[in-house]
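**Q** Spelled out from the first residue to the last, the chains are:
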Amino acid sequence: MDNLGYLFAAYTIIWALIFGYVFFLYYKQRKLRQQMDLLKDSKGEREGPD
Amino acid sequence: MNGRSALRHYILVGLGFALMVAALYMVFIYVPTDKNMGAVQRIFYFHVPLAWIAFLAFFVVFVCSILYLTKRDMKWDVIASASAEVGVVFTSLVLITGSIWAKAAWGIWWTWDARLTATLVLWFTYVAYLLVRHYVAEDSQRARLGAVLGIVGFIDVPIVALAIMLWRTQHPGALIFEGGLVTSMLITLLVCIIAFTVLYIILVVQSTRLKNMEADIRNIKNNRPD
Amino acid sequence: MKGPLSKVLTIFWKDILLEIRTKEVVTSILVFALLVLVIFNFAFEPETATMSLVAPGILWVAFTFAGVLGLNRVFALERENSRLAGLLLCPVDHMAIYWGKLLGSFTFMLAIEIVVTPIFLVLLNLSLFLPRLILIIVLATLGFTSVGTLFSALAINIRARDIMLPILFLPIVVPVIIAAVEATAVVLQGGPWGDMLTWLQIMIAFDIIYLVVATLVFQYVVEG
Chain Y
1 MDNLGYLFAA YTIIWALIFG YVFFLYYKQR KLRQQMDLLK DSKGEREGPD
Chain G
1001 MNGRSALRHY ILVGLGFALM VAALYMVFIY VPTDKNMGAV QRIFYFHVPL
1051 AWIAFLAFFV VFVCSILYLT KRDMKWDVIA SASAEVGVVF TSLVLITGSI
1101 WAKAAWGIWW TWDARLTATL VLWFTYVAYL LVRHYVAEDS QRARLGAVLG
1151 IVGFIDVPIV ALAIMLWRTQ HPGALIFEGG LVTSMLITLL VCIIAFTVLY
1201 IILVVQSTRL KNMEADIRNI KNNRPD
Chain F
2001 MKGPLSKVLT IFWKDILLEI RTKEVVTSIL VFALLVLVIF NFAFEPETAT
2051 MSLVAPGILW VAFTFAGVLG LNRVFALERE NSRLAGLLLC PVDHMAIYWG
2101 KLLGSFTFML AIEIVVTPIF LVLLNLSLFL PRLILIIVLA TLGFTSVGTL
2151 FSALAINIRA RDIMLPILFL PIVVPVIIAA VEATAVVLQG GPWGDMLTWL
2201 QIMIAFDIIY LVVATLVFQY VVEG
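Chains as they are written, first to last, in our numbering: chain Y, 1 to 50; chain G, 1001 to 1226; chain F, 2001 to 2224.
Warning: the hint list may mix true and false statements.
The list that follows gives simulated cross-link-like pairs (lysine to aspartate or glutamate, EDC-like), each with its CA atoms no further than 20 Å apart [what the hints assert, rightly or not]:
1) K28/Y to E1214/G
2) K1075/G to D41/Y
3) K1075/G to E1214/G
4) K40/Y to D1139/G
5) K2007/F to D2093/F
6) K31/Y to D1073/G
7) K1103/G to D1113/G
8) K31/Y to D41/Y
9) K1035/G to D37/Y
10) K1075/G to D1139/G
11) K28/Y to E1138/G
12) K1221/G to D1113/G
13) K1071/G to D1113/G
14) K2023/F to D2093/F
15) K1103/G to E1214/G
16) K1221/G to E1138/G
17) K1071/G to D1139/G
18) K1075/G to D1216/G
19) K1211/G to D1113/G
20) K1211/G to E1138/G
21) K2014/F to E2024/F
22) K28/Y to D1073/G
23) K43/Y to D1034/G
24) K28/Y to D1216/G
25) K43/Y to E1214/G
26) K31/Y to D1113/G
27) K1071/G to E2223/F
28) K1075/G to D1034/G
29) K2007/F to E2223/F
30) K1211/G to D1073/G
31) K2007/F to E2024/F
32) K40/Y to E1138/G
33) K31/Y to D1034/G
34) K1035/G to D41/Y
Read the hints as simulated data drawn from the structure, not as lab findings. None of the values given here were measured: they were computed from a predicted structure.
With the hints as extra help, turn the sequences into a complete structure.
**A** This is how it looks when you write it as structure tokens:
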């Protein structure tokens, strides 16, 4: 049945977008991790006003 | 995140997964095939819950916007922002699945059916909400303006729906998504709605936690004596 | 209360005087609206049955686009000075600013529409005596400006404001556009009041709802 192709496409897109959003969240989390590391580094190196 | 909230989180995700599996079973094994449209009609069981949850998401944005303006607690703004994002994702899915369904059922990619058209306007409204938030740099200003839009946008929803419905009855001819519902279909629909509600909650919780962390880091950076 | 009303009128009058002296907003937007009408005439075959069907849509697309352009200018002066600080003193002032600016933008839009509509009717060889159109125009313009004034103030704060204002504004006023186009269609085809009634009701409801909401919410847009 050709129609099943459409059914498959619909469900695939649903999961594609939802996982896309989840990956987007992961991406932002990685950026956050980088920023935190930067902060930690600069805090470790600090001895006085720059 | 401490141990107890981590446990709660795992339970939530586990529950969400279980519900999704149940939903998939209901949709593909339990429910009988629709006589008119064949297998494609099963798109309906995800298409409709997505629409309902998107509406719920924007209602949450509305409530949180009011709460932010009255209490000025940033947490309400964060939830509103997260809910709007998830809402836009779900609304996009409603439009896409609706389009695929229309193509499968009637051979055309788009039909100016009242619900689909109203969903399209809704999509634009909240994409605009997200864009405005994107273009404002300062936290409290972004929260404030976002809250205003969250309120104004949601109030429009019933008016838009009504206007489009009347417009459609004025110009009939669009193929509409309708059909009677047998009990088994209703149960399946219900399970799917619950499953997607939990998914919505999971996504919003994740997004909220992320935004809170971003805000914390911004504060640390700003408070450092430089 | 004499105080707030006089503030409203002061703000309104200041904008009107400025515009009368410079004429910059009304003339350019007027020309733009007429251009849109003419371009649409190129887009469709003139003097056919199709034309009379799409005519209401053409009119309101012209007004909508012209209206959005005009709305960019509502708080233009305050934007250049970067603050509304001079106008802000107490809560009642927020409402006064909103209503003053609302009156101003409403008047501007109405002025443009009064000029464009007869030209439109002439271009499409339609009857010029259509008093019901006035009602539709007034109601729709009130709807546009009630939302538009609010968003115009909001847009002061965001980058890319010139493109953001239409993106914000258009989805919200979809009911007004639908109702205005449908009601105009009834009028252009000489239909009875009964056919128009629902559309007028939608516009009236929209106007009331958004006038109230915008008045309540405006203070949050201009504070800080």
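**Q** None of the hints should be skipped; say for each whether it holds.
**A** Quick rundown of the hints versus the structure:
1. Proximity of K28/Y to E1214/G is assessed by CA-CA distance (about 9 Å); at most 20 Å being required, the pair is judged to hold.
2. Of the supplied pair hints, the one linking K1075/G and D41/Y is violated, its CA atoms being roughly 29 Å apart against a limit of 20 Å.
3. For the proposed pair K1075/G and E1214/G, the alpha carbon gap of about 13 Å is at most 20 Å, so the pair holds.
4. This hinted pair does not check out: K40/Y and D1139/G have alpha carbons roughly 23 Å apart, beyond 20 Å.
5. With a CA separation close to 8 Å, the supplied pair K2007/F and D2093/F stays within the 20 Å bound.
6. Of the pairs offered as hints, the one joining K31/Y and D1073/G is violated, with about 25 Å between alpha carbons and a cut-off of 20 Å exceeded.
7. A hinted pair counts as satisfied when its Cα atoms are at most 20 Å apart, and K1103/G with D1113/G qualifies at roughly 13 Å.
8. Between K31/Y and D41/Y, the direct Cα distance comes to roughly 15 Å. Compliance with the 20 Å bound is thereby established for this hinted pair.
9. Taken as a hint, the K1035/G and D37/Y pair is broken in the structure, with Cα atoms around 59 Å apart against an allowance of 20 Å.
10. Restraint check for K1075/G and D1139/G: the C-alpha separation of about 12 Å stays at or below 20 Å, so the hint holds.
11. As the CA atoms of K28/Y and E1138/G are separated by approximately 19 Å, the hinted pair is consistent with the 20 Å bound.
12. Distance check on the hinted pair: K1221/G and D1113/G sit about 50 Å apart at the alpha-carbon level, beyond 20 Å; violated.
13. Annotation: proposed proximity of K1071/G to D1113/G is violated, straight-line Cα distance about 40 Å (limit 20 Å).
14. Of the pairs offered as hints, the one joining K2023/F and D2093/F is violated, with about 27 Å between alpha carbons and a cut-off of 20 Å exceeded.
15. A hinted pair counts as satisfied when its Cα atoms are at most 20 Å apart, and K1103/G with E1214/G does not qualify at roughly 42 Å.
16. Of the supplied pair hints, the one linking K1221/G and E1138/G holds, its CA atoms being roughly 14 Å apart against a limit of 20 Å.
17. Annotation: proposed proximity of K1071/G to D1139/G holds, straight-line Cα distance about 15 Å (limit 20 Å).
18. Our distance criterion of 20 Å between C-alpha atoms is met by K1075/G and D1216/G, whose separation comes to about 12 Å.
19. Only pairs whose Cα atoms come within 20 Å are accepted, and K1211/G paired with D1113/G is rejected, the gap being roughly 37 Å.
20. Restraint check for K1211/G and E1138/G: satisfied, since their Cα atoms lie roughly 14 Å apart, inside the 20 Å limit.
21. As the CA atoms of K2014/F and E2024/F are separated by approximately 15 Å, the hinted pair is consistent with the 20 Å bound.
22. As the CA atoms of K28/Y and D1073/G are separated by approximately 23 Å, the hinted pair breaks the 20 Å bound.
23. Between the alpha carbons of K43/Y and D1034/G the distance comes to roughly 64 Å, so the proposed pair goes past 20 Å and is violated.
24. For the hint linking K28/Y to D1216/G, the alpha-carbon distance of about 14 Å falls within 20 Å, and the restraint holds.
25. With a C-alpha separation of about 18 Å, the suggested pairing of K43/Y with E1214/G holds against the 20 Å cut-off.
26. For the hint linking K31/Y to D1113/G, the alpha-carbon distance of about 42 Å lies beyond 20 Å, and the restraint is violated.
27. Between K1071/G and E2223/F the alpha-carbon distance is near 15 Å, which keeps this suggested pair within the 20 Å criterion.
28. For the proposed pair K1075/G and D1034/G, the alpha carbon gap of about 45 Å is over 20 Å, so the pair is violated.
29. A threshold of 20 Å between alpha carbons decides the hint, and for K2007/F with E2223/F the separation of about 18 Å falls inside it, so the pair holds.
30. With a CA separation close to 14 Å, the supplied pair K1211/G and D1073/G stays within the 20 Å bound.
31. Taken as a hint, the K2007/F and E2024/F pair is broken in the structure, with Cα atoms around 24 Å apart against an allowance of 20 Å.
32. Using a Cα cut-off of 20 Å, the hinted pair K40/Y and E1138/G is violated, with the two alpha carbons roughly 24 Å apart.
33. Between K31/Y and D1034/G the alpha-carbon distance is near 47 Å, which puts this suggested pair outside the 20 Å criterion.
34. With a CA separation close to 65 Å, the supplied pair K1035/G and D41/Y exceeds the 20 Å bound.
In this structure, the earlier hints numbered 2, 4, 6, 9, 12, 13, 14, 15, 19, 22, 23, 26, 28, 31, 32, 33, 34 are contradicted, and the remaining ones agree with it.
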